[in-house]
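**Student:** If you want the building blocks of each chain, they are given just below.
4 protein chains.
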Amino acid sequence: MINVPRLTLDDARQIIAACKVKAKEIEVDMDIAITDDSGNLIAFQRMDNARITSIQISMDKAWTAAAARKSTRDYWNASQPGQPTYGINASNNGRFSTVPGGIPVFVNSQIVGGVGCSSGTPDQDELVAQAGVAAFLDTLN
Amino acid sequence: MINVPRLTLDDARQIIAACKVKAKEIEVDMDIAITDDSGNLIAFQRMDNARITSIQISMDKAWTAAAARKSTRDYWNASQPGQPTYGINASNNGRFSTVPGGIPVFVNSQIVGGVGCSSGTPDQDELVAQAGVAAFLDTLN
Amino acid sequence: MINVPRLTLDDARQIIAACKVKAKEIEVDMDIAITDDSGNLIAFQRMDNARITSIQISMDKAWTAAAARKSTRDYWNASQPGQPTYGINASNNGRFSTVPGGIPVFVNSQIVGGVGCSSGTPDQDELVAQAGVAAFLDTLN
Amino acid sequence: MINVPRLTLDDARQIIAACKVKAKEIEVDMDIAITDDSGNLIAFQRMDNARITSIQISMDKAWTAAAARKSTRDYWNASQPGQPTYGINASNNGRFSTVPGGIPVFVNSQIVGGVGCSSGTPDQDELVAQAGVAAFLDTLN
Chain A
1 MINVPRLTLD DARQIIAACK VKAKEIEVDM DIAITDDSGN LIAFQRMDNA RITSIQISMD
61 KAWTAAAARK STRDYWNASQ PGQPTYGINA SNNGRFSTVP GGIPVFVNSQ IVGGVGCSSG
121 TPDQDELVAQ AGVAAFLDTL N
Chain B
142 MINVPRLTLD DARQIIAACK VKAKEIEVDM DIAITDDSGN LIAFQRMDNA RITSIQISMD
202 KAWTAAAARK STRDYWNASQ PGQPTYGINA SNNGRFSTVP GGIPVFVNSQ IVGGVGCSSG
262 TPDQDELVAQ AGVAAFLDTL N
Chain C
283 MINVPRLTLD DARQIIAACK VKAKEIEVDM DIAITDDSGN LIAFQRMDNA RITSIQISMD
343 KAWTAAAARK STRDYWNASQ PGQPTYGINA SNNGRFSTVP GGIPVFVNSQ IVGGVGCSSG
403 TPDQDELVAQ AGVAAFLDTL N
Chain D
424 MINVPRLTLD DARQIIAACK VKAKEIEVDM DIAITDDSGN LIAFQRMDNA RITSIQISMD
484 KAWTAAAARK STRDYWNASQ PGQPTYGINA SNNGRFSTVP GGIPVFVNSQ IVGGVGCSSG
544 TPDQDELVAQ AGVAAFLDTL N
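Protein sequence lines correspond, in order, to chains A, B, C and D.
Numbering-wise, the first sequence is residues 1 to 141 according to our numbering.
Numbering-wise, the second sequence is residues 142 to 282 according to our numbering.
Numbering-wise, the third sequence is residues 283 to 423 according to our numbering.
Numbering-wise, the fourth sequence is residues 424 to 564 according to our numbering.
Looking at chain A on its own, in the form it has when it is part of the complex:
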């Protein structure tokens, strides 16, 4: 047997709080989802003007990032026409997100969770997700 590190609910809430600070700074309400190392949802918040379509997309980004241990931007690149994972976005009942904004969370090189943001441009989504991860990692030092 092995022991695996994993985000707690309090960790997830802290990440969401940091995401929201960044979302307010750039003035884009976001859907924000946090999963554990296995891709299972820990926490979610939809800011009041965030998109309804992005509820699922933010969860899918967080799931993809944690469960594949890669950012969804990496898959955006890798799934373009002619690229190695072309078509992968339809897998897992369409839950495999290839839209930037999903970030895996690693601690000591081990996956502990995933963060997914959606409602802005994918660049904005990723910026907000990264802000949440960065703030969390800062607390570990």
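No wet-lab data here; the hints were simulated from the structure.
Please note that a few of the clues may not be correct.
Unchecked claim - Keeping only pairs whose Cα atoms sit at most 25 Å apart, straight-line, the calculated SDA-like set for lysine to any residue is:
no.	chain 1	residue 1	chain 2	residue 2
1	D	K493	B	P146
2	D	K493	C	G376
3	D	K443	A	L9
4	B	K211	A	A90
5	A	K20	D	D471
6	A	K20	A	D48
7	A	K24	B	I143
Because the structure is a prediction, the values reported are computed rather than measured.
Based on these hints, arrange chains B, C and D on the given structure of chain A.
**Tutor:** Here is chains B, C and D on its own, set in the frame of chain A:
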């Protein structure tokens, strides 16, 4: 709590009526779907020669337009290979439509519903959806 | 080859209108769905206070009634524990409705469509669906 | 058009906080989901020992309660064998929850959202959901 505006059934029926006038004018029978601000269906009509495949597509276009507060044409553009939201069409169980013909309905800059048309070319679909929205907005003046 | 009779959109609209008269009479806003002989949706209306859960349920009732050529009440009876079709409600991805309120429409003993109502008690739903079918059949005489 | 009231994210967070107080009191970690009046998710938290199966179940309970404007316990009763809505739990792709623990939130007789809890016994789930709703309604006085 907040208060949000929303189309009524009578509003939706009026939009469908105007869509049908345009559909007859261009001689293309259409599937026409109207959702509320949250993406939930209010009304649907399939003209006698409209496509069966377009039943779901028209509903998906209306849902996407209302729930993302953007036209599906915007997503057609933004989800081309190499574009920011490439791959997004597989999300939400494939319900996220990136085919033109879905139009959000805004009143005083607030989302109140969505209109989705399908059965013609996407350009025709969009023309018919726009005619429905324009006729509705005219009645508010 | 064969020729099959089928409801038109105008037929479907007429049925919905009659359903709404009955729904208003009993003071229960309804979701009302009409399918053709093949179970494909022709028209749908959600009265302003009808349930959101019943959007899909009304469509499922209409689909079941037309596609199985039986009322959903017949299946409610036949799918009780120990009865012949027990468990059938999970079939077709859960689209097979066993809740009363779905009525097949027959003309000269041939299936031409289905009517599904939902939002009240199943007895109320069925009453409203029946009113729609009866009014339509009256117009054929 | 009509105007409808709706929970905000801050309302939803307050409800979750109150649910967690009750969950800790009875010593059962819970999955807690809050939707708006239309059934769209606003916020979700999984307490550290809450069940993974209950992530979806809590969301389904909240969706059912808001979108049907009834507690899921009412449907537990009404969907027993021989009862009026027997079989309804398979509808909406199985999203229609008939397990107690989903509570609609009404303000001035208008639906504004739904709360769904899962991980304990259904009675415990309902107790925790009710505590969240009660605490929220208290703040309105």
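**Student:** Next step is simple, just say for each hint if it's right about the structure.
**Tutor:** Tested hints:
Taken as a hint, the D:K493 and B:P146 pair is honoured in the structure, with Cα atoms around 23 Å apart against an allowance of 25 Å. Taking the CA atoms of D:K493 and C:G376, the gap is near 21 Å; set against the 25 Å cutoff, the hint holds. With a CA separation close to 12 Å, the supplied pair D:K443 and A:L9 stays within the 25 Å bound. Restraint check for B:K211 and A:A90: satisfied, since their Cα atoms lie roughly 23 Å apart, inside the 25 Å limit.
As the CA atoms of A:K20 and D:D471 are separated by approximately 22 Å, the hinted pair is consistent with the 25 Å bound. Distance restraint check for A:K20 and A:D48: the Cα-Cα separation of roughly 11 Å lies within the 25 Å cut-off, and the hinted pair is therefore satisfied. Restraint check for A:K24 and B:I143: the C-alpha separation of about 19 Å stays at or below 25 Å, so the hint holds.
Violation of the numbered hints given earlier is absent; every hint is satisfied by the structure.
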